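S.K.: Spelled out, the chains give:
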Amino acid sequence: MTPHLHIENLTKTFTLHQFDGKQIVGCTDINLDLEHGEFIGITGKSGAGKSTILKCIYRTYIPTSGSMMYHSDTHGLIDLAKAEERDILEIRQKEIGYVSQFLRVLPRVTALDCVVEVLVEIGTEKAAAVAEARAILSHFQLSESLWESYPNTFSGGEKLRLNLARAMVKRPKFLLLDEPTASLDQGSKASVRDMIIELKRGGTSMIGIFHDLEFMESVVDKEFNMRNGIMVGGYA
Amino acid sequence: MDNRVSIRNVSKIYGKGCDSCIELTGPEHGRNRCPKCGTIVACADIGFDVYPGEVLGIVGESGSGKSTLVKTLYFDEAPTTGEFYLQDFEEGLSNVYGLSSLQKRYIRNHLMGMVYQNPHLGLRLDYSAGGNIAEKLLMADWNHVGDIRERAKELLTKTEIPIERMDDKPKYFSGGMQQRVQISKALANNPPLLLLDEVTTGLDVSVQASVLDLIRQIGRELGISMIVVSHDFSVIRMLTNRTIVMKNGRIVEQGLTDQIMEDPQHAYTQLLINSLI
Ligand SMILES: Nc1ncnc2c1ncn2[C@@H]1O[C@H](COP(=O)(O)OP(=O)(O)O)[C@@H](O)[C@H]1O
Ligand SMILES: Nc1ncnc2c1ncn2[C@@H]1O[C@H](COP(=O)(O)OP(=O)(O)O)[C@@H](O)[C@H]1O
Ligand SMILES: [Mg+2]
Ligand SMILES: [Mg+2]
Ligand SMILES: [Zn+2]
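Residue numbers (this note's numbering), protein chains in the order written: chain A, 42 to 277; chain B, 53 to 329.
Everything labelled a hint here was simulated from the structure, so no lab data went into it.
These numbers were taken from a predicted model, which means no experiment stands behind them.
Ideal placement from N, C-alpha and C gives every residue a C-beta, glycine not left out.
Treat the hints with caution; some may be incorrect.
Distance ranges between label pairs, derived from CB positions [claimed, not checked]:
#1 Lys-230(A) x Glu-129(B): 56 to 64 Å
#2 Leu-173(B) x Met-42(A): 57 to 65 Å
#3 Lys-123(A) x Ile-325(B): 40 to 48 Å
#4 His-77(A) x Leu-173(B): 30 to 38 Å
#5 Glu-187(B) x Lys-123(A): 34 to 42 Å
#6 Gln-227(A) x Asp-97(B): 30 to 38 Å
#7 Ser-153(B) x Arg-145(A): 42 to 50 Å
#8 Arg-242(A) x Leu-173(B): 21 to 29 Å
#9 Ile-325(B) x Ile-271(A): 24 to 32 Å
#10 Ser-153(B) x Glu-125(A): 29 to 37 Å
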């Protein structure tokens, strides 16, 4: 079987037109194979290019060159670097969970609704969606008193837990995690680890960026390190 | 056709035109007025698709041609060139710009809804709110008075207008309520395509928020395709998945909305994003 995701020579440079076309390197010549059900961890200093890779995969960033062959349940083998926007939107909705570094929430949508919506979008009945959303918010120990309030006032840790619930509630086939334990206490970290293990058992493939090496080593199959946009390593 | 709407090569020119109008206007020149003949190229070379159930954003500064473009889609203005295909009309095989005015009226009445920035354009302010909705329903071949009244009540409830105001005239309503009546009217015929041109511009911030929430809810519940025009990125971010950026009558960039905001490609889009407060 081909890998779930096969990245070849992925390069991303940013061109800043307001600064005379200045070029900034995000990442250079990244090669990576993610097998089905595998979890790859990425470490590296701030600015090394870790988030850039995840954002290219999710297509929030347009890759400058290279390919990202992804095994989609609904679209077959597809190059995420060149796929049409409509296909990307559908794959995102149905197959990919993404815990971004900064939670972007819509204004005036309650924490509970923002999780419910994810399920309703993929066709879950409203009542079942509410029940599942409540269960996962409890799992991540987001205080029940916050469920009916707007997340824009949440603390960093609360936002992250909501973000995790949103990304994981649909049990995606593919999960991108950008520092999923930053600013969490030990209890919440354990709940993240439990959910990761549960998803892995269900066959989810994952790529995660970590600063907490101890946590990372307890969940990943392989780890890579990034420096100045270049990736090294790949040890099991 | 997989797309609900396909637009190809649409342009609208105000003036007599010359051979150089297109070449000498656009974002590279920073103008939409032909320096040779003074013609205004309000929009040119416009092409895009709207997927079923999708909300597409069109963003750009004032004068970039956004309103002109949506007016040609609603047949308020005839385009100078272009093709327009609608999935719900003859399976998207006919260029609807080429139809007779009778057929265009049919499409407008049955397959489209439009909400203007200025309520004067979308409503008869001295008819009752219910009467405005009835007018749209009559044009869409609803004939039964009881049904029409029921539908009007349903729409006003959905848009949170108190039913007891149904027989009042929108000219006595607040700006936010006028927009809600316009939205009710535009939705009356259950159109597969809804066009919204700067519908919250000029409203108080809290009123803006509630109208935007209503539009978002409609998108989710009814699954209709929408084109949302705004100069305001916060509106675009809240409502859309994909966005088109216009400048001087041309499309400078189109992409996923999060990509447009986090990895803008064109110098003009970068300037817009960097100028956000
Ligand atoms: N949208 C962007 N526009 C311009 N430069 C960017 C953008 N995103 C990231 N970069 C730059 O790319 C490099 C890698 O950033 P990033 O991938 O966020 O690093 P990390 O996640 O490892 O901290 C940095 O120099 C950063 O400033
Ligand atoms: N009826 C008209 N006659 C001449 N010029 C017009 C007419 N309508 C619009 N324009 C011009 O076309 C350009 C685009 O206008 P418009 O579509 O309203 O832009 P936007 O909605 O992006 O602000 C502007 O330069 C405007 O002055
Ligand atoms: Mg990062
Ligand atoms: Mg306008
Ligand atoms: Zn000219």
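S.K.: Could you run down the list of hints and mark each one as holding or not?
M.R.: Taking the hints in turn, this is what the structure says about them:
1. The supplied range of 56 to 64 Å is met by Lys-230(A) and Glu-129(B), whose beta-carbon atoms lie about 59 Å from each other.
2. For the hinted restraint 57 to 65 Å between Leu-173(B) and Met-42(A), the CB-CB distance of approximately 58 Å keeps it satisfied.
3. Evaluation of the 40 to 48 Å hint for Lys-123(A) and Ile-325(B) yields a failure: the beta carbon distance comes to about 24 Å.
4. A beta carbon spacing of about 55 Å between His-77(A) and Leu-173(B) contradicts the range 30 to 38 Å that was offered as a hint.
5. Between Glu-187(B) and Lys-123(A) the Cβ separation comes to about 48 Å, which falls outside the hinted range of 34 to 42 Å.
6. Range check, Gln-227(A) to Asp-97(B): about 58 Å between beta-carbon atoms, so the 30 to 38 Å window is missed.
7. For the hinted restraint 42 to 50 Å between Ser-153(B) and Arg-145(A), the CB-CB distance of approximately 45 Å keeps it satisfied.
8. Range check, Arg-242(A) to Leu-173(B): about 58 Å between beta-carbon atoms, so the 21 to 29 Å window is missed.
9. Separation of Ile-325(B) from Ile-271(A) is about 28 Å and conforms to the stated range, judged on CB atoms against 24 to 32 Å.
10. Remark: the range hint 29 to 37 Å for Ser-153(B) to Glu-125(A) is upheld by a beta-carbon distance near 35 Å.
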